[in-house]
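Novice: Letter by letter, the chains look like this.
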Amino acid sequence: MKYMLLIWNRPGFVEELSEQERAALFGEVDEIMKELTESGELVGGAALADPSQARTVRLSGDRPEVTDGPFLESKEQFAGYLTVDCDSPQRAAEIAARWPDVRRGFGALEVRQLMDDAGTEM
Amino acid sequence: MTSREIEDLLRALAPQVLGLLVRRHGQFDAAEDAVQEALLAAAVQWPEQGVPDHPRAWLLTVATRRLTDEWRSERARRDREVAVAVREPAYALVAPAADEEPPAGDDTLALLFLCCHPALGRSARVALTLRAVGGLTTAQIARAHLVPEATMSQRIRRAKQRIEAAGARFAPPSPQDRHERLPAVLQVLYLIFSEGHTASVGPDLHRAELTAEAIRLTRTLHGLLPDDGEVTGLLALMLLTDAHRAARTGPGGELVPLAEQDRGRWDATAISTGIDLVTTALTWSPPGPYLLQAAIAAVHAEAPSAELTDWRQIVALYRLLARIAPNPMITLNQAVAVAMVDGPRAGLALLAPLDDDERTARHHRLAAVRAHLLELAGEPGAARAAYLAAARGTTSLPEQRYLELRAARLAGHAPVRRDAPGTGG
Numbered sequence: 000m001k002y003m004l005l006i007w008n009r010p011g012f013v014e015e016l017s018e019q020e021r022a023a024l025f026g027e028v029d030e031i032m033k034e035l036t037e038s039g040e041l042v043g044g045a046a047l048a049d050p051s052q053a054r055t056v057r058l059s060g061d062r063p064e065v066t067d068g069p070f071l072e073s074k075e076q077f078a079g080y081l082t083v084d085c086d087s088p089q090r091a092a093e094i095a096a097r098w099p100d101v102r103r104g105f106g107a108l109e110v111r112q113l114m115d116d117a118g119t120e121m
Numbered sequence: 000m001t002s003r004e005i006e007d008l009l010r011a012l013a014p015q016v017l018g019l020l021v022r023r024h025g026q027f028d029a030a031e032d033a034v035q036e037a038l039l040a041a042a043v044q045w046p047e048q049g050v051p052d053h054p055r056a057w058l059l060t061v062a063t064r065r066l067t068d069e070w071r072s073e074r075a076r077r078d079r080e081v082a083v084a085v086r087e088p089a090y091a092l093v094a095p096a097a098d099e100e101p102p103a104g105d106d107t108l109a110l111l112f113l114c115c116h117p118a119l120g121r122s123a124r125v126a127l128t129l130r131a132v133g134g135l136t137t138a139q140i141a142r143a144h145l146v147p148e149a150t151m152s153q154r155i156r157r158a159k160q161r162i163e164a165a166g167a168r169f170a171p172p173s174p175q176d177r178h179e180r181l182p183a184v185l186q187v188l189y190l191i192f193s194e195g196h197t198a199s200v201g202p203d204l205h206r207a208e209l210t211a212e213a214i215r216l217t218r219t220l221h222g223l224l225p226d227d228g229e230v231t232g233l234l235a236l237m238l239l240t241d242a243h244r245a246a247r248t249g250p251g252g253e254l255v256p257l258a259e260q261d262r263g264r265w266d267a268t269a270i271s272t273g274i275d276l277v278t279t280a281l282t283w284s285p286p287g288p289y290l291l292q293a294a295i296a297a298v299h300a301e302a303p304s305a306e307l308t309d310w311r312q313i314v315a316l317y318r319l320l321a322r323i324a325p326n327p328m329i330t331l332n333q334a335v336a337v338a339m340v341d342g343p344r345a346g347l348a349l350l351a352p353l354d355d356d357e358r359t360a361r362h363h364r365l366a367a368v369r370a371h372l373l374e375l376a377g378e379p380g381a382a383r384a385a386y387l388a389a390a391r392g393t394t395s396l397p398e399q400r401y402l403e404l405r406a407a408r409l410a411g412h413a414p415v416r417r418d419a420p421g422t423g424g
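The listed protein sequences correspond, in order, to chains W and H. Under numbering that gives the first Met the number 0, think of the first position of the first sequence as 0, with each following residue one higher. Under numbering that gives the first Met the number 0, think of the first position of the second sequence as 0, with each following residue one higher.
Hints should not be assumed to be uniformly reliable.
[Claimed, not checked] Distance ranges between label pairs, derived from CB positions:
| # | chain 1 | residue 1 | chain 2 | residue 2 | range |
| --- | --- | --- | --- | --- | --- |
| 1 | H | P352 | W | A22 | 39 to 47 Å |
| 2 | W | F12 | H | L404 | 28 to 36 Å |
| 3 | H | R358 | W | M32 | 48 to 56 Å |
| 4 | W | T119 | H | V340 | 56 to 64 Å |
| 5 | H | R218 | W | E30 | 41 to 49 Å |
[Said to hold, decoys possible] Okay, the calculated bits of chain W under chain H, using three or more residues with CB under 8 Å as the criterion:
| # | region |
| --- | --- |
| 6 | 36-49 |
| 7 | 102-115 |
Hints in this document: simulated from the structure, not taken from any laboratory. C-beta: ideal position from N, C-alpha, C; glycine also.
Excised from the complex, chain W in its bound form (with noise of 0.2 Å):
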């Protein structure tokens, strides 16, 4: 089963940590996603720029026009996502629980289970 866990968080809540507090953070990314690829279970994942950099694209009128800035103004953005495949989705619960953004209170995940093109005879 495939599940994408998209991260949530405030935007720019890094630059408020201390050095230590850094290395810290991304240390635990670095452990999570190595496990994450010596079990064969990462199938791929990206994070994404910060939302100032963003431009929404929404239908006005007739025609899609095109804003700066992200799709919602709430104080968590998405801030990046990975898909993992695993056995069970209290694994994917798992993996997201020791994310270090759900560990440290800076944010959430939301597991949400991938679609599939197979099906049963019904």
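Got chain W; can you put chain H on it based on the hints?
Specialist: Okay, now just chain H, sitting in the frame of chain W:
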């Protein structure tokens, strides 16, 4: 030989060569890598230079050489300062004698049990079985599972390490092992089968190959254990299910339910083989879960249409199945069959307890079956609500499209929320 024939030959030889290598040298992990390299070398050389006279001996020689090369470099790394003469084992240079015919079947069986070792998770068992027993390349397995090759390669490496760490030995399973662990082997084969099962069109052809691979491996296992009713049952179940392949999806890749399939497009050969297997096995084997499911599939296969199906017999088989292997997912299917005999209300009554079973309470299949029975019972509003709930619950795109379509056909009937807040439910 065509490259397809060469591939078939290589895949058949893969577990035999691996078995020989592991029996001689131990080290399942390293031996498996060596065999994989030998297979790749053969896949490149044989189509150009022709298939050698003794293909298995060729593979064994190349794999052994890779293995000894690996040992040499390993040694060189460890004992850089010390000159160590590594004696080339004589058998690395010569083909095995003709009278040294190995019990290839026992090796394949031992490999299957090793790959389905209890120390491994489900996806690791599947990946390792496909590679070590099925002879598929890591790239092929990765493509079939829609993950990067590096991910699959790590998964296989980790699985092999786990097996070594668990102290598993490469040996033909003892009768007790066989009894205890055969269900896990059958489950892995069934899992491989269902992963490919409905992906029969469009971009998912690679996954459809998994179905063929599962049938091939199960046929091999059936050849090794012809007296096992469950192995026979699983093979029959796969053949009878796969026989629907051409009729199961519409032109746009949409699911066509069993009741609406054009039975003229079913694979008659696969069906007659499947029915023969089931019918014979039922005369000598106690009915196990796979054999009973195969028997149910056989009754469906014999019917000229959904209406003319012997539903009474299917209900009886489900009742037996529910007794020997109680499982809420079986109750779901049983409810459909009961509805065909005793009417949709009787089927719905069977579903009621599943609302309190945590394995099914939130499962989309429960909502989907309930929707179908409510529709039959003449409650389009409630049926529509249940179809929509099922559509939200599934993670399969074709299923979701199918369920939404069923709901749309009932549009105009106000969906009745059975569990709507404030209704005192």
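Novice: R218(H) and E30(W), beta-carbon distance inside 41 to 49 Å?
Specialist: holds (45 Å)
Novice: Could one say that the CB atoms of P352(H) and A22(W) fall in the range 39 to 47 Å?
Specialist: Between P352(H) and A22(W), where Cβ atoms are some 55 Å apart, the hint is violated.
Novice: Starting from the range 56 to 64 Å, see whether the pair T119(W) and V340(H) falls in it by beta-carbon distance.
Specialist: Violated, at about 23 Å.
Novice: A range of 28 to 36 Å was offered for this pair. Does it hold for the Cβ distance of F12(W) and L404(H)?
Specialist: violated (46 Å)
Novice: Using C-beta distances, would you say chain H covers the region 102-115 of chain W, given that this needs three or more residues below 8 Å?
Specialist: As far as the region 102-115 of chain W goes, the hint holds, because 4 residues have Cβ atoms under 8 Å from chain H.
Novice: Take the C-beta atom of R358(H) and the C-beta atom of M32(W), compute their distance, and say whether it sits inside 48 to 56 Å.
Specialist: Violated, at about 33 Å.
Novice: Within the assertion that chain H covers the region 36-49 of chain W, do at least three residues meet a Cβ-to-Cβ distance smaller than 8 Å?
Specialist: holds (count 8)
Hints 1, 2, 3 and 4 from the earlier list are contradicted by this structure; the remaining hints agree with it.
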